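Produce the complete structure using the sequences and hints provided.
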Amino acid sequence: MSAKELICPKCKSMLRTSASLPAGAKVRCTQCQTVFATAAAPVPVGAAASNNHTAQKVLTSKPAPVHAPVASQPLAAIASPETDATADDHRGKRVLFVLTGVLAVIGLAVVLVVVCLQGDGPGVVPNEPGGGGYVDLPIEPFVPKAPAPPPPLIPLSKEDEAKVAELVKKGAEWLKKTQHPSGTWGPAGQALNYVGLGGLTLLECGTSASDPSVQKAAKFVRDNMPKLHRTYEMSLCLLFLDRLGDKQDLPHIETLAMRLVAGQLANGAWTYNQNRLTDSDVPVLRGLLQDAARISPREYLNKNKDAASKLSMQARKAGVFTSPDNAPANVFAGGGGDNSNTQFAILALWAARRHKLPVDPALELVVRRFRSTQNPDGSFPYSPGLPMASQNGLPTMTCAGLLGLAVGYGIAADGKTAGPGPNQDPAIQKALRHLSASIGDPPKDAKQQAPVTELYFLWSIERVAVLYQLSKIAGKDWFHWGLWMLAQHQRPNGQWHFAKGHGHSPLVDTCFALLFLQRANLAKDLTDKLTEVEFASAPALPGRKN
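So that you can map any letter, position 137 of the sequence shown is 137 in my numbering, and since no number is skipped, the others follow by simple counting.
By construction, these hints were calculated from the structure, which means they are not laboratory data. In this text, all values refer to a predicted model and were calculated from it rather than measured experimentally. Hints may contain errors.
[To be verified] Label pairs and their computed distance ranges (CB to CB):
1) Glu-159 - Gly-385: 40 to 50 angstroms
2) Asp-211 - Ala-308: 37 to 47 angstroms
3) Pro-443 - Lys-317: 48 to 58 angstroms
4) Gln-190 - Arg-294: 54 to 64 angstroms
[As the list claims (entries may be wrong)] 30 angstroms max Cα-Cα, derived BS3-like pairs, lysine-lysine:
5) Lys-227 - Lys-158
6) Lys-247 - Lys-303
7) Lys-158 - Lys-169
A virtual CB, placed ideally from N, CA and C, is assigned to each residue, including glycine.
Listed below in structure tokens is the structure:
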């Protein structure tokens with residue numbers, strides 16, 4: 001018998017070799033170094049019985065008369081009843097002697113076989129002290145093939161792949177060339193806003209975390225942690241440090257997350273500037289939120305005066321402590337804040353959640369806000385407290401609302417929700433249909449003059465599409481529409497600047513364009529959560545790729 005596939009009896013590894021091994025040969029597992037023997041060859045059924053019968057005939061038969069063939073008589077009839085007793089005694093002794101000799105020979109043969117298999121026999125290499133050898137052939141553990149990667153969300157032609165690669169390369173090179181020696185970009189007054197966005201974009205474009213441009217940006221963020229107190233800058237810097245993946249930044253991520261929690265308003269929103277959280281508040285706030293995991297933070301703070309006394313007044317004003325637990329919808333329709341700042345804070349807190357930080361109470365307040373403030377047509381306003389007429393034409397805020405609705409499924413315990421899954425959620429489907437009205441169609445001729453839109457909006461579309469895994473949004477080919485614009489309007493030096501929308505600049509526009517082209521998903525684990533809630537099995541969202 002030979003063996004080419006073996007299973008180690010200790011670690012259960014599947015081992016393979018191209019050479020055949022004799023039955024009973026010793027081999028060594030390359031995983032756990034255990035020495036064991038291959039299985040012995042089985043004895044064919046019936047062979048043992050046949051051999052025993054032959055031996056019995058040899059040992060017990062005597063010369064038979066010619067007229068009485070031995071084969072036709074039972075063994076008991078061979079001995080004549082007329083033979084005298086003395087002859088019988090001698091015959092019995094001879095039989096016993098012969099039988100003893102044969103058994104001795106068989107036993108000696110077995111011993112020799114065992115010795116040959118254990119000693120230095122053919123095919124055995126004595127590579128252990130004391131002469132106990134084993135077959136040391138090139139046996140390797142069996143490694144199963146990795147599953148094939150899923151198909152891309154947006155399949156591109158070779159021509160489009162090359163086009164995207166060239167656009168991204170030029171844009172990333174422009175970012176590196178325009179970075180200041182300090183690690184940031186743009187005017188000095190906007191440095192804190194820009195450094196997080198620039199560093200994050202470079203990483204999403206494939207720049208190594210060890211690249212000097214990325215390291216300079218990270219050093220600037222670390223050195224300026226005490227100055228970070230605005231929602232945009234704190235959120236972008238947290239996203240950058242999370243994407244960077246350096247363990248030394250974990251305390252910084254915790255600090256930024258707790259500052260964002262403390263800056264949330266009672267209506268679940270954020271505004272531009274935050275109350276400055278003291279350094280001593282950070283561990284106290286984190287511990288309090290962890291202790292309040294089973295009840296609301298507001299209720300916990302009311303019941304634990306000692307914990308409340310350790311927090312500064314700024315921290316006690318946080319939305320998680322001031323918003324009524326069963327607040328009616330009209331509580332979220334005013335109170336300040338806006339959905340633009342809010343969506344950046346949501347992305348940052350979701351990233352902080354990956355580090356086991358207790359941010360779910362703040363995210364729950366976000367979900368209540370967006371569930372309460374959607375417009376009848378499916379859109380979301382910039383700020384629910386402002387007149388509807390002053391908020392028309394802001395599809396970016398509908399993208400913010402879609403992010404907030406997704407978070408509700410993400411934080412549900414064990415993927416369980418009280419209502420339908422995301423693919424059957426009326427609020428989500430209405431928002432997507434409304435959003436599609438603001439998305440154009442790519443032309444049949446790519447040379448046709450492309451319009452320009454707010455690049456903040458283009459990035460918002462991309463963020464929603466990759467989050468919900470939509471190759472099209474209600475039938476609209478969002479990616480090729482945006483690619484058409486970006487391919488025509490990239491400037492010779494690699495930057496983009498459409499000069500549309502609040503806060504536009506060459507740096508901001510270029511970063512949003514690059515994030516769009518890279519189809520960056522800043523919340524991949526949230527996408528996984530959406531899938532867990534029967535996202536794949538139920539009827540598909542409009543344009544969802546199944």
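Hint compliance check: list the failing hint numbers for this structure, sorted ascending. 4, 5 and 6
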